[in-house]
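Protein chains: 2
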Amino acid sequence: MHYKLALIGFGNVARALARLLVRKQDLLKSRHNVTFSFTGIATGSHGFAVNPDGLDIQKALELVESGKSISALSSMDVNDSMAVLQNCKADVMFENSPVNTQTGQPALDHIRRAFALGMHAITANKGPVVHGYRELTALAASAGKRFGFESTVLGGAPVFSVFRESFPLAELTSIKGIFNATTNIILSRMERGESYEDAVKYCQSIGVAETDPGNDVDGWDAAIKVAALITVLMDTPFTPQQVNPTGIRGVTREMIAKAKAEGKRYKLVCSAEKMGDKVTASVAPQLVDPASPLYGMMDSSTGVTFRTDVILDYSISLSEKPGLQGGPIETAYGLFADFANAVKS
Amino acid sequence: MHYKLALIGFGNVARALARLLVRKQDLLKSRHNVTFSFTGIATGSHGFAVNPDGLDIQKALELVESGKSISALSSMDVNDSMAVLQNCKADVMFENSPVNTQTGQPALDHIRRAFALGMHAITANKGPVVHGYRELTALAASAGKRFGFESTVLGGAPVFSVFRESFPLAELTSIKGIFNATTNIILSRMERGESYEDAVKYCQSIGVAETDPGNDVDGWDAAIKVAALITVLMDTPFTPQQVNPTGIRGVTREMIAKAKAEGKRYKLVCSAEKMGDKVTASVAPQLVDPASPLYGMMDSSTGVTFRTDVILDYSISLSEKPGLQGGPIETAYGLFADFANAVKS
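The listed protein sequences correspond, in order, to chains A and B.
Counted from 1, the first sequence has number 74 at position 74 by my numbering; the numbering is strictly sequential.
Counted from 1, the second sequence has number 53 at position 53 by my numbering; the numbering is strictly sequential.
With the rest of the complex left out, here is chain A (with noise of 0.2 Å):
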């Protein structure tokens, strides 16, 4: 079987998606006699480009890393990723487009886009799932395709798909956790000594906060991925706005070195909690003990906690090694195992 791939977003994770793509090319054929081509790429700031007969992949990657627009590997004249998804005629769609918090868009659209035209969607992007995951969860069925959005959590490490495949008829009472790295290190490394600014600052240099790190200190990237796993496994719409986060800019120096002393730390955690139909989930800084499963969490490690009625305080962490392994090759994984379980015989 032969599938042809729409990239829509080119960014570092759909990058390294490419990459990995390749390197497993020969594991997709010899295990599930799968192969794709690259039909269709919409890149944010380096043009457009179709080819359903398939596209150079390593020259895509090579021009848009090197600073220059794709359009001209295109066999015609695209100017945006709709037209993109409708002329590439392909089986599947990765959409890793920015993440709009507030609206899900226009990643929403794209993914309505892609079931309409009989493509599985997979996203790393939680802006659809946390705006549209009822809605589109019934369209992939009706279209008989895949929503898959493993990616958007625990950067890339499998969780929806654990809870999903590995707990059946479970009930999940409730979920905690550590989310957002960027304010993860952060917290760790001013209880090392280092001011919030410097720490800041570290996290944008290794890339991994932004210019404005509004939406990771204050605590809205966490929110998202709570609402996302609100929404997804204890089956309740949720959103971030509804989470209402608190972020980690009141956390001084004092109150770190305060609760060191007293062998504690502070951490970003983010729970919520399901009682009967109701569901209440927070994101706030909170002071930690060593017999918590989060205590031991620092710099860019995250994780999560599920508690059910069966498996009493089940944990994932992911801990990540700045400079063993990149982040994005991780987020790239889970759009890849997503992808290897929509096709797999």
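For the record, the hints were derived by calculation from the structure and aren't laboratory data.
The structure displayed is predicted, hence computed values, not measured ones.
Misleading hints may appear alongside valid ones.
Capping the alpha-carbon separation at 27 Å, the derived lysine-lysine pairs in DSSO-like fashion look like this [claimed, not checked]:
1. B/LYS4 x B/LYS59
2. B/LYS4 x B/LYS29
3. A/LYS260 x B/LYS274
4. A/LYS278 x B/LYS29
5. A/LYS29 x B/LYS278
6. A/LYS344 x A/LYS29
7. B/LYS274 x A/LYS29
8. B/LYS258 x A/LYS264
9. B/LYS260 x A/LYS258
10. A/LYS274 x B/LYS344
Based on these hints, arrange chain B on the given structure of chain A.
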């Protein structure tokens, strides 16, 4: 779809499974249109019962828990577990006979027979996984049935299915973890100043250690779990004898106190590494420091860290809170999950 169930072994775990199935029967019906009845039960010392029209499970639980035989419930004369299997006309066998680390018997024969009779075989018994994985997997495949063993490691919490379902086409390069609760409780209590002897007695008093604690403290229980993980997830047959474990008897209170003074602690660390086609494994007491995900696992908590070519250091841990929920229910859930995954449409 109606499933007839055989329970081979009717100890704590099997009885917890029976109760869990009854508790979840409405959910099985409403979500998957699955109903079930128990048609065969083989106990270790409370007799045997078969009735293809269904046994009264509540009555069987009551009889065994008040020390009586279940044979009065039987519609025919059966005197061993093979006769139960042969006559109960079951669709699914739950195998929970005592573990035999050296040979995997009698579980191995029970599972062979179950497949020959057209049943799914689901077990919490590590013996047949280590001593028969390839054979039993092949038998299951040719019978079109499932060989389920999720509950053999990490006390029933999902591990095998997580790796197999959520890490498609990933290469597992190393496994590291704490797999034996008894030794972890002993080391935790010794760190708090208790003697080895008193800690062992405590474990016996709460039912986690046997009268002869050798299987736990000498590392054999941990070793068979390592062997099972290697056999299944690294696709390399491996025995506990090849792991050749070192237990915790040589770890003194003095060593533990010295480690504590240096901010470290001893754990019975299980590990396996795959380099090319070669697998090496060990179970031995090791000093771990706070940067290790194993450091925070105290008392009955257990866990595992997987390292792969795509996701670095993905950890799963299970914190059991003594008193809040028992071990048998979690192991029973592993069996239940295998059942639900085998029968869901």
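- [ ] Could you check the structure against the hints above and give me the numbers of any it violates, in ascending order?
- [x] As far as the earlier hints go, only 3 is violated by this structure.
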